[in-house]
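6 protein chains.
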Amino acid sequence: MNDKRYEHGMEKLMEYTVKDRENASTHLKIADDLQDIAPDVAKYIIEFAYGNIYTRDGLSNKQRALVTISSLVTQGTEPQLELHLNTGLTAGLTQKEIVEAITQLIPYTGFPRVLNALKVAKKVFSIRAGEETA
Amino acid sequence: MNDKRYEHGMEKLMEYTVKDRENASTHLKIADDLQDIAPDVAKYIIEFAYGNIYTRDGLSNKQRALVTISSLVTQGTEPQLELHLNTGLTAGLTQKEIVEAITQLIPYTGFPRVLNALKVAKKVFSIRAGEETA
Amino acid sequence: MNDKRYEHGMEKLMEYTVKDRENASTHLKIADDLQDIAPDVAKYIIEFAYGNIYTRDGLSNKQRALVTISSLVTQGTEPQLELHLNTGLTAGLTQKEIVEAITQLIPYTGFPRVLNALKVAKKVFSIRAGEETA
Amino acid sequence: MNDKRYEHGMEKLMEYTVKDRENASTHLKIADDLQDIAPDVAKYIIEFAYGNIYTRDGLSNKQRALVTISSLVTQGTEPQLELHLNTGLTAGLTQKEIVEAITQLIPYTGFPRVLNALKVAKKVFSIRAGEETA
Amino acid sequence: MNDKRYEHGMEKLMEYTVKDRENASTHLKIADDLQDIAPDVAKYIIEFAYGNIYTRDGLSNKQRALVTISSLVTQGTEPQLELHLNTGLTAGLTQKEIVEAITQLIPYTGFPRVLNALKVAKKVFSIRAGEETA
Amino acid sequence: MNDKRYEHGMEKLMEYTVKDRENASTHLKIADDLQDIAPDVAKYIIEFAYGNIYTRDGLSNKQRALVTISSLVTQGTEPQLELHLNTGLTAGLTQKEIVEAITQLIPYTGFPRVLNALKVAKKVFSIRAGEETA
Numbered sequence: 001m002n003d004k005r006y007e008h009g010m011e012k013l014m015e016y017t018v019k020d021r022e023n024a025s026t027h028l029k030i031a032d033d034l035q036d037i038a039p040d041v042a043k044y045i046i047e048f049a050y051g052n053i054y055t056r057d058g059l060s061n062k063q064r065a066l067v068t069i070s071s072l073v074t075q076g077t078e079p080q081l082e083l084h085l086n087t088g089l090t091a092g093l094t095q096k097e098i099v100e101a102i103t104q105l106i107p108y109t110g111f112p113r114v115l116n117a118l119k120v121a122k123k124v125f126s127i128r129a130g131e132e133t134a
Numbered sequence: 001m002n003d004k005r006y007e008h009g010m011e012k013l014m015e016y017t018v019k020d021r022e023n024a025s026t027h028l029k030i031a032d033d034l035q036d037i038a039p040d041v042a043k044y045i046i047e048f049a050y051g052n053i054y055t056r057d058g059l060s061n062k063q064r065a066l067v068t069i070s071s072l073v074t075q076g077t078e079p080q081l082e083l084h085l086n087t088g089l090t091a092g093l094t095q096k097e098i099v100e101a102i103t104q105l106i107p108y109t110g111f112p113r114v115l116n117a118l119k120v121a122k123k124v125f126s127i128r129a130g131e132e133t134a
Numbered sequence: 001m002n003d004k005r006y007e008h009g010m011e012k013l014m015e016y017t018v019k020d021r022e023n024a025s026t027h028l029k030i031a032d033d034l035q036d037i038a039p040d041v042a043k044y045i046i047e048f049a050y051g052n053i054y055t056r057d058g059l060s061n062k063q064r065a066l067v068t069i070s071s072l073v074t075q076g077t078e079p080q081l082e083l084h085l086n087t088g089l090t091a092g093l094t095q096k097e098i099v100e101a102i103t104q105l106i107p108y109t110g111f112p113r114v115l116n117a118l119k120v121a122k123k124v125f126s127i128r129a130g131e132e133t134a
Numbered sequence: 001m002n003d004k005r006y007e008h009g010m011e012k013l014m015e016y017t018v019k020d021r022e023n024a025s026t027h028l029k030i031a032d033d034l035q036d037i038a039p040d041v042a043k044y045i046i047e048f049a050y051g052n053i054y055t056r057d058g059l060s061n062k063q064r065a066l067v068t069i070s071s072l073v074t075q076g077t078e079p080q081l082e083l084h085l086n087t088g089l090t091a092g093l094t095q096k097e098i099v100e101a102i103t104q105l106i107p108y109t110g111f112p113r114v115l116n117a118l119k120v121a122k123k124v125f126s127i128r129a130g131e132e133t134a
Numbered sequence: 001m002n003d004k005r006y007e008h009g010m011e012k013l014m015e016y017t018v019k020d021r022e023n024a025s026t027h028l029k030i031a032d033d034l035q036d037i038a039p040d041v042a043k044y045i046i047e048f049a050y051g052n053i054y055t056r057d058g059l060s061n062k063q064r065a066l067v068t069i070s071s072l073v074t075q076g077t078e079p080q081l082e083l084h085l086n087t088g089l090t091a092g093l094t095q096k097e098i099v100e101a102i103t104q105l106i107p108y109t110g111f112p113r114v115l116n117a118l119k120v121a122k123k124v125f126s127i128r129a130g131e132e133t134a
Numbered sequence: 001m002n003d004k005r006y007e008h009g010m011e012k013l014m015e016y017t018v019k020d021r022e023n024a025s026t027h028l029k030i031a032d033d034l035q036d037i038a039p040d041v042a043k044y045i046i047e048f049a050y051g052n053i054y055t056r057d058g059l060s061n062k063q064r065a066l067v068t069i070s071s072l073v074t075q076g077t078e079p080q081l082e083l084h085l086n087t088g089l090t091a092g093l094t095q096k097e098i099v100e101a102i103t104q105l106i107p108y109t110g111f112p113r114v115l116n117a118l119k120v121a122k123k124v125f126s127i128r129a130g131e132e133t134a
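Protein sequences, first through last, are from chains A, B, C, D, E and F.
Quick note on full-length UniProt numbering: the first sequence kicks off at 1 and runs consecutively.
Quick note on full-length UniProt numbering: the second sequence kicks off at 1 and runs consecutively.
Quick note on full-length UniProt numbering: the third sequence kicks off at 1 and runs consecutively.
Quick note on full-length UniProt numbering: the fourth sequence kicks off at 1 and runs consecutively.
Quick note on full-length UniProt numbering: the fifth sequence kicks off at 1 and runs consecutively.
Quick note on full-length UniProt numbering: the sixth sequence kicks off at 1 and runs consecutively.
Calculated directly from the structure, the hints in this document are not laboratory data.
Hints may contain errors.
Think about it this way: if two alpha-carbon atoms lie no more than 30 Å apart in a straight line, the pair counts; the simulated DSS-like pairs of lysine-lysine are [to be verified]:
#1 C:Lys119 <-> F:Lys62
#2 C:Lys4 <-> E:Lys122
#3 C:Lys62 <-> F:Lys122
#4 A:Lys123 <-> A:Lys43
#5 C:Lys29 <-> D:Lys43
#6 F:Lys122 <-> E:Lys43
#7 E:Lys123 <-> A:Lys119
#8 A:Lys119 <-> F:Lys62
#9 E:Lys62 <-> A:Lys43
#10 E:Lys43 <-> F:Lys123
#11 F:Lys4 <-> B:Lys4
#12 B:Lys62 <-> B:Lys43
#13 D:Lys29 <-> B:Lys123
#14 E:Lys43 <-> A:Lys119
#15 B:Lys122 <-> C:Lys122
#16 C:Lys123 <-> C:Lys96
#17 A:Lys43 <-> D:Lys43
#18 D:Lys62 <-> C:Lys43
#19 D:Lys62 <-> C:Lys4
#20 C:Lys122 <-> D:Lys119
#21 D:Lys96 <-> B:Lys122
#22 E:Lys122 <-> D:Lys96
#23 A:Lys123 <-> E:Lys123
#24 F:Lys119 <-> C:Lys62
#25 B:Lys119 <-> C:Lys119
#26 D:Lys29 <-> C:Lys123
#27 E:Lys43 <-> C:Lys4
#28 F:Lys62 <-> B:Lys43
#29 C:Lys96 <-> F:Lys96
#30 B:Lys123 <-> A:Lys4
#31 D:Lys4 <-> E:Lys96
#32 B:Lys123 <-> D:Lys96
#33 C:Lys62 <-> B:Lys43
#34 F:Lys123 <-> A:Lys4
#35 B:Lys123 <-> C:Lys43
#36 F:Lys62 <-> A:Lys29
#37 F:Lys119 <-> A:Lys62
#38 D:Lys62 <-> B:Lys96
#39 F:Lys29 <-> E:Lys43
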């Protein structure tokens, strides 16, 4: 089979996780957790989400991370928000940009989603700070 | 009273609507519609959303528009999406960036929200094309 | 069969719709619309929602309407919001209380749901004003 | 390129729409509407949704339609619900099964989503009745 | 009082929980937890959800479980999803059917809800495997 | 600067938390948690939510709490629900009124959101009972 999507998806995923041990291992852990119950879902994340969507032109990695984070804050799906705050930082978003993006959502989602997102951000920033000083 | 938030909010709002007759008139129409039922809500949009939040440092107008649009696509609140696709274009987002941002949301919201958002985008792009050639 | 819930539900529903032709006819229209596709759903609305829930002690009709309206604004289900703004007014909520309740939700749902709800409220208030002067 | 997903996706889509002119033309209309704004999204629907997901083993077409409809009722995304009530009927769901599935959701989504879905179902059933007698 | 709904509801509930100690005890635990704060809510679950809705004709127990699970995955209400994955298995859904139903939702809810649901499914399958080998 | 909103917001917040050590300390803890990541968000809660919105006329503190709780139950944002069940009790809502408000939402949100909310209510009531007997 000549479908290169899986390969391109893995390359793109690496751009979001390289130099980022915590995050790379989280992605591997997700794939691992899915292995015995739904291995194809892990494959679709690489092939479709990273291989088809993230590899498109027209937005930078940073912009795609900003879009993704804004959606996850709005949905309140916190495990995925934690993961994508990490991929966003690796893609080049600063902590300040992330806090500003979450703050920007107050008028559109109200305070509850924003407060829950800031709590996740605080945890992510603190883990990465610990890694950097380690 | 010395609170300059309303004034600063109006200035910021102008950055998102100037050179954009359709959009400016939509904002005025919202304020107008609220005038006899809830005038303070129109005031809070200017003072709080534009005066407090949009005027903050740390993200560009384009980035704030991207965050806002991503949240509105996720929520499926179409009248506000229509308005903020317009403010986003005025703030400097290209049509291609907007379509890419909506496409980026497929893995996070599924196709239904994305298809509904693209329909709104198509309408907005077409109205603005009509204005430009007028 | 001795189940009085349907009867009690109808009595309770009358408290929310009597003296309110627009609203009573809306309820009848809902039942009518359901008649050929899902008549039992209309029955469950009377028996369960009105017969079991609305007839409970511990909250006034006005308070139950306030709770219901707040949930419908949050969900963005506008046809039902329109109906329950009418039942709320008949139960004794003033237009001012309804506008205040919707405004109170800005910090909890953000502006989009609130603006959409105010538009529905404006329509309901205007129809009832037309009826009163008719 | 040897990726057969698009082809398999189209074949699977035909199973949900053949003998169903209204529905097939709706799918074509969606692809058509997307053509000038986001043609790749139409491609992903065929390749990923129909080519990757719907072609999987383990559930019948009828069961996949039931799952899809239940999610769309819960989300309240009505244009997609209308489409998938049609694909569900073509896949073999009866009108009675569809009404029962929507009714089954009352305890899980409450009445508002259910009433809005029944209204869409009524419209779909009526259009198809008109076609059959035409 | 001659209302048999509570009795019929309990019988129907037994069909979803018999031969399933974990699940039956979960249902009893829910009723127990509600006993001192809102005992009527436990009664409504039996009378209305099981007595009125689940006992209806037109869908099999397995189909009703599939509809319920699809809605709970979409909502992201995980404690209830855990419960209804159990009732679904007792009603005759296989683990493969459940995983397929969740996978079918990727195009309609996106990956986050699906990944969270698969995690709950993995937990439920593992607890039941433990019981069977116990 | 002459903006009194922060001051008025703090006064209003006190009405919802005075005589309520648990709750006051929760509010302080939120402000504290935000201090190093997003101190302005804590300021907006006081200035905008409490200073602008809660201080408005037209609804009593009890009514505002009822509206807020109904929205949070509907959204399923449990940390904020826990906080506002406490502010609601301090504002004068009885435990019975709170349980009734949650029960009233069954027909509008379905059982899952209601069961999750009752679990939070049970926890809040039990903590406050412990404090009173302490």
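Against the structure, the hints:
For the hint pairing Lys119 (chain C) with Lys62 (chain F), the CA-to-CA distance comes to about 26 Å; that is within 30 Å, so the pair holds. The hinted pair formed by Lys4 (chain C) and Lys122 (chain E) fails the criterion: a straight-line CA distance of about 45 Å is larger than 30 Å. Taking the CA atoms of Lys62 (chain C) and Lys122 (chain F), the gap is about 25 Å. The hint holds against a cut of 30 Å. Simply put, Lys123 (chain A) and Lys43 (chain A) have alpha-carbon atoms about 28 Å apart, close enough for the 30 Å limit, and the pair holds.
Using a Cα cut-off of 30 Å, the hinted pair Lys29 (chain C) and Lys43 (chain D) is violated, with the two alpha carbons roughly 42 Å apart. Between Lys122 (chain F) and Lys43 (chain E) the alpha-carbon distance is near 18 Å, which keeps this suggested pair within the 30 Å criterion. With a C-alpha separation of about 26 Å, the suggested pair Lys123 (chain E) and Lys119 (chain A) falls inside the 30 Å cut-off, and the hint holds. Among the hinted pairs, Lys119 (chain A) with Lys62 (chain F) is consistent with the structure: their alpha-carbon atoms are about 29 Å apart, no more than 30 Å.
Straight-line distance between C-alpha atoms of Lys62 (chain E) and Lys43 (chain A) comes to about 29 Å, which keeps the hinted pair within the 30 Å bound. Simply put, Lys43 (chain E) and Lys123 (chain F) have alpha-carbon atoms about 21 Å apart, close enough for the 30 Å limit, and the pair holds. Note on Lys4 (chain F) and Lys4 (chain B): the hinted pairing holds, with a Cα-Cα distance of about 13 Å set against a maximum of 30 Å. Between Lys62 (chain B) and Lys43 (chain B) the alpha-carbon distance is near 24 Å, which keeps this suggested pair within the 30 Å criterion.
A hinted pair counts as satisfied when its Cα atoms are at most 30 Å apart, and Lys29 (chain D) with Lys123 (chain B) qualifies at roughly 16 Å. In summary, the hint linking Lys43 (chain E) to Lys119 (chain A) is not supported, as the alpha carbons are separated by about 37 Å, beyond the 30 Å threshold. Under the criterion of a C-alpha separation no larger than 30 Å, the hint pairing Lys122 (chain B) with Lys122 (chain C) is consistent with the structure, at around 29 Å. A threshold of 30 Å between alpha carbons decides the hint, and for Lys123 (chain C) with Lys96 (chain C) the separation of about 15 Å falls inside it, so the pair holds.
A distance of roughly 19 Å separates the Cα atoms of Lys43 (chain A) and Lys43 (chain D); the hinted pair therefore holds under the 30 Å criterion. Between Lys62 (chain D) and Lys43 (chain C), the direct Cα distance comes to roughly 29 Å. Compliance with the 30 Å bound is thereby established for this hinted pair. Our distance criterion of 30 Å between C-alpha atoms is broken by Lys62 (chain D) and Lys4 (chain C), whose separation comes to about 39 Å. With a C-alpha separation of about 24 Å, the suggested pair Lys122 (chain C) and Lys119 (chain D) falls inside the 30 Å cut-off, and the hint holds.
The hinted pair formed by Lys96 (chain D) and Lys122 (chain B) fails the criterion: a straight-line CA distance of about 37 Å is larger than 30 Å. Between Lys122 (chain E) and Lys96 (chain D), the direct Cα distance comes to roughly 33 Å. Violation of the 30 Å bound is thereby established for this hinted pair. At most 30 Å may separate the alpha-carbon atoms for a hinted pair to count; Lys123 (chain A) and Lys123 (chain E) meet this at roughly 25 Å. Under the criterion of a C-alpha separation no larger than 30 Å, the hint pairing Lys119 (chain F) with Lys62 (chain C) is consistent with the structure, at around 26 Å.
Restraint check for Lys119 (chain B) and Lys119 (chain C): satisfied, since their Cα atoms lie roughly 22 Å apart, inside the 30 Å limit. Restraint check for Lys29 (chain D) and Lys123 (chain C): not satisfied, since their Cα atoms lie roughly 33 Å apart, outside the 30 Å limit. Restraint check for Lys43 (chain E) and Lys4 (chain C): the C-alpha separation of about 17 Å stays at or below 30 Å, so the hint holds. For the hint pairing Lys62 (chain F) with Lys43 (chain B), the CA-to-CA distance comes to about 25 Å; that is within 30 Å, so the pair holds.
Taking the CA atoms of Lys96 (chain C) and Lys96 (chain F), the gap is near 26 Å; set against the 30 Å cutoff, the hint holds. Note on Lys123 (chain B) and Lys4 (chain A): the hinted pairing is violated, with a Cα-Cα distance of about 35 Å set against a maximum of 30 Å. Distance check on the hinted pair: Lys4 (chain D) and Lys96 (chain E) sit about 25 Å apart at the alpha-carbon level, within 30 Å; holds. For a cut-off of 30 Å, the pair hint linking Lys123 (chain B) to Lys96 (chain D) is broken: about 37 Å separates their Cα positions.
For the proposed pair Lys62 (chain C) and Lys43 (chain B), the alpha carbon gap of about 29 Å is at most 30 Å, so the pair holds. With a C-alpha separation of about 53 Å, the suggested pair Lys123 (chain F) and Lys4 (chain A) falls outside the 30 Å cut-off, and the hint is violated. Among the hinted pairs, Lys123 (chain B) with Lys43 (chain C) is inconsistent with the structure: their alpha-carbon atoms are about 41 Å apart, more than 30 Å. Under the criterion of a C-alpha separation no larger than 30 Å, the hint pairing Lys62 (chain F) with Lys29 (chain A) is inconsistent with the structure, at around 47 Å.
For a cut-off of 30 Å, the pair hint linking Lys119 (chain F) to Lys62 (chain A) is broken: about 40 Å separates their Cα positions. At most 30 Å may separate the alpha-carbon atoms for a hinted pair to count; Lys62 (chain D) and Lys96 (chain B) exceed this at roughly 38 Å. At most 30 Å may separate the alpha-carbon atoms for a hinted pair to count; Lys29 (chain F) and Lys43 (chain E) exceed this at roughly 38 Å.
Against the hints set out earlier in the document, violations occur for numbers 2, 5, 14, 19, 21, 22, 26, 30, 32, 34, 35, 36, 37, 38 and 39.
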